[in-house]
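Visitor: Construct all of the structure, not just a fragment, from the sequences and the given hints.
For the record, the sequence lines run as chains R and Z.
The letter at position 121 of the first sequence is residue 121 when you use UniProt numbering, and the numbering goes up by one with no holes.
The letter at position 117 of the second sequence is residue 117 when you use UniProt numbering, and the numbering goes up by one with no holes.
Please keep in mind that the hints were generated in silico from the structure rather than gathered at the bench.
All values derive from a computational prediction rather than experimental measurement.
Check each hint, because a few of them may be wrong.
Pairs of lysine-lysine, DSBU-like flavour, derived with a Cα cap of 30 Å [what the hints assert, rightly or not]: (1) Z/Lys223 / Z/Lys29; (2) Z/Lys167 / Z/Lys29; (3) Z/Lys191 / Z/Lys223; (4) Z/Lys176 / Z/Lys200; (5) Z/Lys66 / Z/Lys223; (6) R/Lys227 / Z/Lys200; (7) Z/Lys66 / R/Lys105; (8) Z/Lys223 / R/Lys105; (9) Z/Lys176 / Z/Lys41; (10) R/Lys137 / R/Lys151; (11) Z/Lys29 / Z/Lys66; (12) Z/Lys164 / Z/Lys29; (13) Z/Lys176 / Z/Lys66; (14) Z/Lys106 / R/Lys105; (15) R/Lys151 / Z/Lys200.
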Amino acid sequence: MKENDFPAPPIPPCSTGEGLPCAPISWANSGDAWSWRVGTRINNAAGFYSDGNDFAVVAADTSAVHSILVHKSNEDKIMILDSHKLIAASGESGDRVQFTEYIQKNVALYQFRNGIPLTTAAAANFTRGELATALRKNPYFVNILLAGYDKETGPSLYYIDYIATLHKVDKGAFGYGSYFSLAMMDRHYHSGMTVEEAIDLVDKCIMEIRSRLVVAPPNFVIKIVDKDGAREYAWRESVKDAAVASA
Amino acid sequence: MARYDRAITVFSPDGHLFQVEYALEAVRKGNAGVEKKSAAKLQDSRSVRKIVSLDDHVALACAGLKADARILINRARIECQSHRLTVEDPVTVEYITRYIAGLQQKYTQSSGVRPFGLSTLFLGFDPYTGVPSLYQTDPSGTFSAWKANATGRNSNSMREFLEKNYKETSGQETVKLAIHALLEVVESGGKNIEVAVMTKDDGLRQLEEAEIDAIVAEIEAEKAAAEAAKNAPVAPKET
Numbered sequence: 001m002k003e004n005d006f007p008a009p010p011i012p013p014c015s016t017g018e019g020l021p022c023a024p025i026s027w028a029n030s031g032d033a034w035s036w037r038v039g040t041r042i043n044n045a046a047g048f049y050s051d052g053n054d055f056a057v058v059a060a061d062t063s064a065v066h067s068i069l070v071h072k073s074n075e076d077k078i079m080i081l082d083s084h085k086l087i088a089a090s091g092e093s094g095d096r097v098q099f100t101e102y103i104q105k106n107v108a109l110y111q112f113r114n115g116i117p118l119t120t121a122a123a124a125n126f127t128r129g130e131l132a133t134a135l136r137k138n139p140y141f142v143n144i145l146l147a148g149y150d151k152e153t154g155p156s157l158y159y160i161d162y163i164a165t166l167h168k169v170d171k172g173a174f175g176y177g178s179y180f181s182l183a184m185m186d187r188h189y190h191s192g193m194t195v196e197e198a199i200d201l202v203d204k205c206i207m208e209i210r211s212r213l214v215v216a217p218p219n220f221v222i223k224i225v226d227k228d229g230a231r232e233y234a235w236r237e238s239v240k241d242a243a244v245a246s247a
Numbered sequence: 001m002a003r004y005d006r007a008i009t010v011f012s013p014d015g016h017l018f019q020v021e022y023a024l025e026a027v028r029k030g031n032a033g034v035e036k037k038s039a040a041k042l043q044d045s046r047s048v049r050k051i052v053s054l055d056d057h058v059a060l061a062c063a064g065l066k067a068d069a070r071i072l073i074n075r076a077r078i079e080c081q082s083h084r085l086t087v088e089d090p091v092t093v094e095y096i097t098r099y100i101a102g103l104q105q106k107y108t109q110s111s112g113v114r115p116f117g118l119s120t121l122f123l124g125f126d127p128y129t130g131v132p133s134l135y136q137t138d139p140s141g142t143f144s145a146w147k148a149n150a151t152g153r154n155s156n157s158m159r160e161f162l163e164k165n166y167k168e169t170s171g172q173e174t175v176k177l178a179i180h181a182l183l184e185v186v187e188s189g190g191k192n193i194e195v196a197v198m199t200k201d202d203g204l205r206q207l208e209e210a211e212i213d214a215i216v217a218e219i220e221a222e223k224a225a226a227e228a229a230k231n232a233p234v235a236p237k238e239t
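Guide: This is how it looks when you write it as structure tokens:
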């Protein structure tokens, strides 16, 4: 499969979600996360589709910022919602944690009540519904990229912004970095990417953010979800917390 | 006496809460711990579960009114997640037992409601120490911890059996003891028993019918061997 020179290559059945490498880390809002994902169509009969490319990748910056102060640079903003779902959230720190934990516990409750887990689509719609209900009373300022893997339908990625927009996407990004990430993904993404290719694209996006965004976050975390579940893939750290000197 | 069992908030002159005692009767009429009333041939037995999991490490078995059970189970499941959300810790078995017992007690002291007609057995592992525990509640809202227990119909005979034969066991031996206790009182044998095992690492697992049958067969064989040994002709003694 040749890489297209067009900025908008055809969407392959692979799916990856990443954000940060392409998008600069949000500098105005603490913890902006950008992810993108290439959707995989299970029924796609394209020749380059191959087993093992059924996954979704998300990445997020790991800075917890308050005004001009960086509280910590290893804040994990990608929550493992359940065994096969990831929720990458960015925005207001308090809202981010509060809202995603609330969603996580409700997803768990559903599973205990019904004996089977929610599908990614159902979880995404539930999340959007909660945002929508709160919107005109007490809105949550959280942007979310929800990546999941379902046995029947394969991987999927959902773009959910803070005013309860819901889109099923192949790639997406939030924050100031999204300007860079989306451009990068448009250029390099294609369906049928392997995990290595996808992570390479994530890294390309991270490089772009680091070099082009004025207050780029130093560190990023990458998580992946496939048939074997949701798990952490890697960290990309350019600033490690200094070891405390012994007395 | 008739006047004293209308509203349960009322004590009788001799200090009884009749509604609570009637609720206990309802429990006694319920099928034993994990005995399943022989499901109708057309009924899908998987939808008639008496042992349910409340969280990854806690499960519940109950005897009594099934509809009441659904309500309490739902409340327990919500509380398990709510606890995790507010204190970022899974519940302990004692906590969730206390919560449900508290709920059962509320319904013995409110007007216009009747008590829940069920006794429950809470089982599970402490999320940090990994120590297993068993608790029982009843319609009055009392609860206590047990090494082994039974509830529902014929629970007294089962409890007697357990008292006689209880040993600290683990794994398969424990399962066999539980099934043995149940076989003492269940009429139709292995076909109507539901067995679930909870382990620290894998949560609750319902045993397949084949597995239950295998253990029942083992027990029957042991029983037969014991009988045979008892009835064996005594060797003539030389005087």
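Visitor: Now tell me if each hint is right for this structure.
Guide: So, going through the hints one by one against the coordinates:
The straight-line distance between the Cα atoms of Z/Lys223 and Z/Lys29 is roughly 28 Å, inside the 30 Å bound, and the hint therefore holds. At roughly 29 Å between alpha-carbon atoms, Z/Lys167 and Z/Lys29 fall within 30 Å of each other, so this suggested pair holds. Annotation: proposed proximity of Z/Lys191 to Z/Lys223 holds, straight-line Cα distance about 18 Å (limit 30 Å). About 19 Å separates the Cα atoms of Z/Lys176 and Z/Lys200, which keeps this hinted pair within 30 Å; it holds.
At roughly 34 Å between alpha-carbon atoms, Z/Lys66 and Z/Lys223 are farther apart than 30 Å, so this suggested pair is violated. In summary, the hint linking R/Lys227 to Z/Lys200 is supported, as the alpha carbons are separated by about 25 Å, within the 30 Å threshold. In summary, the hint linking Z/Lys66 to R/Lys105 is supported, as the alpha carbons are separated by about 26 Å, within the 30 Å threshold. The hinted pair formed by Z/Lys223 and R/Lys105 fails the criterion: a straight-line CA distance of about 48 Å is larger than 30 Å.
Proximity of Z/Lys176 to Z/Lys41 is assessed by CA-CA distance (about 27 Å); at most 30 Å being required, the pair is judged to hold. A distance of roughly 37 Å separates the Cα atoms of R/Lys137 and R/Lys151; the hinted pair therefore is violated under the 30 Å criterion. Proposed proximity of Z/Lys29 and Z/Lys66 is supported: the alpha carbons are some 12 Å apart, at most 30 Å. Among the hinted pairs, Z/Lys164 with Z/Lys29 is consistent with the structure: their alpha-carbon atoms are about 24 Å apart, no more than 30 Å.
For the suggested pair Z/Lys176 and Z/Lys66, the alpha carbons sit about 26 Å apart, so the restraint of at most 30 Å is met. Of the pairs offered as hints, the one joining Z/Lys106 and R/Lys105 holds, with about 26 Å between alpha carbons and a cut-off of 30 Å not exceeded. Restraint check for R/Lys151 and Z/Lys200: the C-alpha separation of about 27 Å stays at or below 30 Å, so the hint holds.
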